[in-house]
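Protein sequences appear in the order of chains A and B. Going by the numbering used here, the first sequence opens with residue 21, and the numbers climb by one from there. Going by the numbering used here, the second sequence opens with residue 21, and the numbers climb by one from there.
Simulated from the structure, these hints should not be mistaken for laboratory data. The reader is advised that the hints may include incorrect statements.
Same chains, same names: a pair is fine if it fits in one copy or spans any two.
Said to hold, decoys possible - Straight-line C-alpha distance at most 20 Å; calculated DMTMM-like pairs for lysine to aspartate or glutamate:
| # | residue 1 | residue 2 |
| --- | --- | --- |
| 1 | K600 | E667 |
| 2 | K330 | D73 |
| 3 | K282 | E422 |
| 4 | K158 | D491 |
| 5 | K600 | E628 |
2 protein chains.
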Amino acid sequence: MTSLIRNNRFNRLRPAKLADVRIRDNFFDRYTKLVQSAVIPYQWDALNDQLPDTEPSHSIQNFRVAAGLEEGTFHGFIFQDSDAAKWLEAVGYSLAHEANVELEAKADSLIELIGQAQEEDGYLNTYFQLKAPDSKWKNLCDCHELYVAGHFIEAAVAYYQGTGKTALLDIVCRFADLIAQVFGPDEDQIHGYPGHEEIELALVRLWEVTKEDRYLALAKYFIDQRGREPNYFEAEREQDDFFDFYHNKNHKPILEYHQAEKPVREMDTAGGHAVRAVYLYAGMADVAAATGDQQLLDAAIRLYDNIVEKQLYITGGIGKSNHLERFSVDYDLPNDANYSETCASIGLALFALRLGQITKQAHYHDTVELALYNTVLSGIAMDGKSFFYVNPMEVWPHNCKEHTMRASLKPQRQPWFGCACCPPNLARLLSSLALYACSVKEKDLLLNLYIQGELQVQVANQAVSLEVTTDYPHDGRIRIRAGAGDYNLLLRLPAWCRDHSLTRDGKPLEAPLQGGYLRLAGPFADTEILLNLHMAPQRVYMNPMAPEECGKTALMRGPLVYCLEEKDNGPHLHQLRLPKDAPLTFDRDPALPGGYRITAPGLRLVHETEDLYSTSPGRLIPQDLTFIPYHAWANRGENEMRVWVQEG
Amino acid sequence: MTSLIRNNRFNRLRPAKLADVRIRDNFFDRYTKLVQSAVIPYQWDALNDQLPDTEPSHSIQNFRVAAGLEEGTFHGFIFQDSDAAKWLEAVGYSLAHEANVELEAKADSLIELIGQAQEEDGYLNTYFQLKAPDSKWKNLCDCHELYVAGHFIEAAVAYYQGTGKTALLDIVCRFADLIAQVFGPDEDQIHGYPGHEEIELALVRLWEVTKEDRYLALAKYFIDQRGREPNYFEAEREQDDFFDFYHNKNHKPILEYHQAEKPVREMDTAGGHAVRAVYLYAGMADVAAATGDQQLLDAAIRLYDNIVEKQLYITGGIGKSNHLERFSVDYDLPNDANYSETCASIGLALFALRLGQITKQAHYHDTVELALYNTVLSGIAMDGKSFFYVNPMEVWPHNCKEHTMRASLKPQRQPWFGCACCPPNLARLLSSLALYACSVKEKDLLLNLYIQGELQVQVANQAVSLEVTTDYPHDGRIRIRAGAGDYNLLLRLPAWCRDHSLTRDGKPLEAPLQGGYLRLAGPFADTEILLNLHMAPQRVYMNPMAPEECGKTALMRGPLVYCLEEKDNGPHLHQLRLPKDAPLTFDRDPALPGGYRITAPGLRLVHETEDLYSTSPGRLIPQDLTFIPYHAWANRGENEMRVWVQEG
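So that you can see chain A by itself, here it is in the shape it has in the complex (with noise of 0.2 Å):
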């Protein structure tokens, strides 16, 4: 076993740590301080079924009656417990950038429920528990007892990394212990692994935290034995003392669906549903570098390659059927039909984040970027009490119709899900927003993302301070001071960025590229560099061997994606068009959601008959559009909103 680790040939790099990173970003405060002042509290309340108006959620209520204090039986769906995971792991993020008592009060509450919940043998799910006491591992494929058991370790792990407490990391270290008695190639274990994964790039975590091989192991075993033959989720079905939890023992699974089709190291294209997909190529990268294992990494790098060159949206978004919620073929990108589910998109940016720390690869964050500031970011109402949970390139609120093909498209984000995975996990996500910005390796400091604020961190045993100041993602101006020490800086340029320009101490410099970065060699004195990203909009394209868009075109300025709402452009947007020459303007208006636009001199398709169908093309008349930033649409009631426009 410890062969696994001696071969990690891979030096990834690693984040700063949280405590290291003040951000006070003109661009994301908003959302994480909603996280802080709003998500958490709020969630909290919906985790205790103390939110009017809203179905509740009975997971803190679960942990009650598992723990014996309260009599009753479950309620929620079977991964209900996650949603208290979540929340305990944004927690574990928020404590760790500051202190609050009453909130690490709640949160040891809560741990202390979950530890008295947990059976003697180490075992934790309240669903089983409650529910199906002796059917305990007996439908992996269906019931998500691991993906559970995966989000209670990533939670623990996060904790203790926030505050040093190992009050959960003991709980969830018996669970996994359990776990890896319980799984594994040996006769009387059994050779599953999960329908939904999660838990192998959670087992990683805990390896990292805790040192102990046996959880890398066990992470690199559900991998490894993941689409092997016989396949386990097919046998599973034909004992005896299978769970039947959807009543569908009959019916053969659909193998891709889970990504168990084959093993994962012969996968060429990303598949089945989304969330687990990225969650498995996030556990591969990690195991994958953890181990040193060349074939796996390659594999995970051939996985990400289809996504990002075949099946992404324009906003980082994954997953374009709305039934199964899951990747189709390749250039199949509907704009009405897709899912791109929040999750997803976080999913996508925890996998790419891993490739970019692993390859050192700058363009890897191009990826984490566009996802963060569109997909994910459309994710939470700018008031921070609402989520999407799908993300359209499109939305029609006329044909948003229940028991339609459409009934998953909302024109509007819903105050809580009964499948509540979305909000929590963006609220780990925003806590945990400066593991993105930035990285270390040996002497090197990478920023990945252009995120105002300030970082201590070690480079080369060096107590190294960074400032860093910009108002990105709406000026393309970055100032950043590097404070003294032999460090080199590695500033990530986008991929979106067709021009720039940098300068040190006031000097023009030459910077050379190097994977992506500008690199500026150390060592620094309180230097001042100043990089500028040009910044204008930009008319975007998708390969026309997508259908859905050809003849159409999207805005993009630096990373961020616009849209047309309904709202300023009036209803109908599918009858607008944006000329090939008509100059784009961008300017800022704080009246608008998201505080920026881009206008253009346009036209509108309109008809003389009210019959269905003629003979007449009708005409053009002129409309002035504009276009706010995707992230920011659907903050101002139910309307229309559309990404892709037809040019010409």
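We have chain A; now place chain B onto it with these hints.
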């Protein structure tokens, strides 16, 4: 009750009897002969489970088991009996045209078997007889019991009209008498109605041949009871003896899906499951006409207008959402996710035909023609051996992937369906084509469709013969030899026709328009009439209230919609454009399925980069485009197809 009929003030037109019409049409003969020579025999084999490599139907076997002739149980869909009924209906029409001793013997044997399977009290439904004998009428919402009864009744009427034999008519009268006892307004009767409509129009047909008013009254009861408060479908689920077929007792039924959200007279938007909807509306028209109920007729016309003005595909398809095979909302006409079930267009033709007969307005027959020549014929392969259930506007085989939102789209016709509603429905429609061709009322003989053949019909007590010679729908020239007699001839002027000319015995004639028909006053004496409906390829545009087709055009010529196929135009049809000024050329090409084509100089958008997104719009290169008739697509193996093409 008799007041119902006395109040008949609509003077509904009557179609010619099948036996009076001899079709020998260049266009339809392929299909009508196929129905005789291939489809009906093939379907007989299917009903008898004698097709290799095809899921067994079990339909005949179910009757044998119910009759006690064989051991076993019920197999197949809950509405499996209706396949046998639709086959018998098609045979009835077929025998009306042409005797076939062998076929009649098979049908008689099946009818005898059905009689043996019928219960003492008249009940007939092998699913309930074999699987749930105590649950008859205990789940009207989900279980198709009255729907299947309706198809038995339609079969009996057609078989009686085709052969004069009453055995099946007697069977269904006994069953209908039982239903009339069980359902009705009295306290000891069930106040329900079918979850899948069909029996309403069937009962009116039964009334027409039997003159038994109780059948008309029962049809009217089902129509007027529908959607009243308290809602029957909600109430039946509350009953202790509810038959919980789908294990969804606790789910509220989707009332709109079943056209039961409000009384039908209050409806103004076609909604819910498309086949059910148009069968209901056809029944409403029938009952309205038979009882002189203007309010009910107005409701039917309002629903029809909603369909053709806001919910109709250019091919005469209806049912926009593949999820639940249903109508969605006005102007929502997606091209790659629509259902446009073959059966729904057959139902639309039935509905429009009735409104045409009642109102004497030609435009209703435009809809019949559109549905018939495009979606309905698309439902059957040119060899008659495979069938489309779903008829989309564009198909990209690459993304028709199982377990995604496009799983219902098939790039190739299927040999026979597990749910085999469309093939027998097609057979019965094509066997009864003559009913759609012409109608008679008093001294008026109306030609609604231009099908080559001869007619011998009674008009105002005169035996009139008519001969129609034409190569319609590919040629707009129609030669009519009007046999001697004092009658008027009304020739439908199709809505697609921009220009026409008419001669009578060689002399140019300006005929007045009457309800959309060119009216030629009699008497005639072997008069030669030449009608020339000028036919040229036309670009058709959709009202820009509909999002999907903005900036696109579709080609039609006469009633035929044309489409691009990959076989003629290469892959990635979405990259093709038809410039606004490109000339359209029509010509014959016997090598093509359908035998005709429209060609035009077009363009293809190509890209220089492999990137999914770029700032380059790509470039347009010239490519000649070939369009073939929509109904003829997918007769050369799996390939892409597209109706709407980007213009400019």
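Hint by hint, here is what the structure shows:
no.: 1; hint: K600 with E667; result: both (6 Å within a copy, 15 Å between copies)
no.: 2; hint: K330 with D73; result: neither (41 Å within a copy, 37 Å between copies)
no.: 3; hint: K282 with E422; result: between (36 Å within a copy, 17 Å between copies)
no.: 4; hint: K158 with D491; result: neither (53 Å within a copy, 67 Å between copies)
no.: 5; hint: K600 with E628; result: between (25 Å within a copy, 19 Å between copies)
The structure does not agree with the numbered hints 2 and 4 stated previously, though it agrees with the rest.
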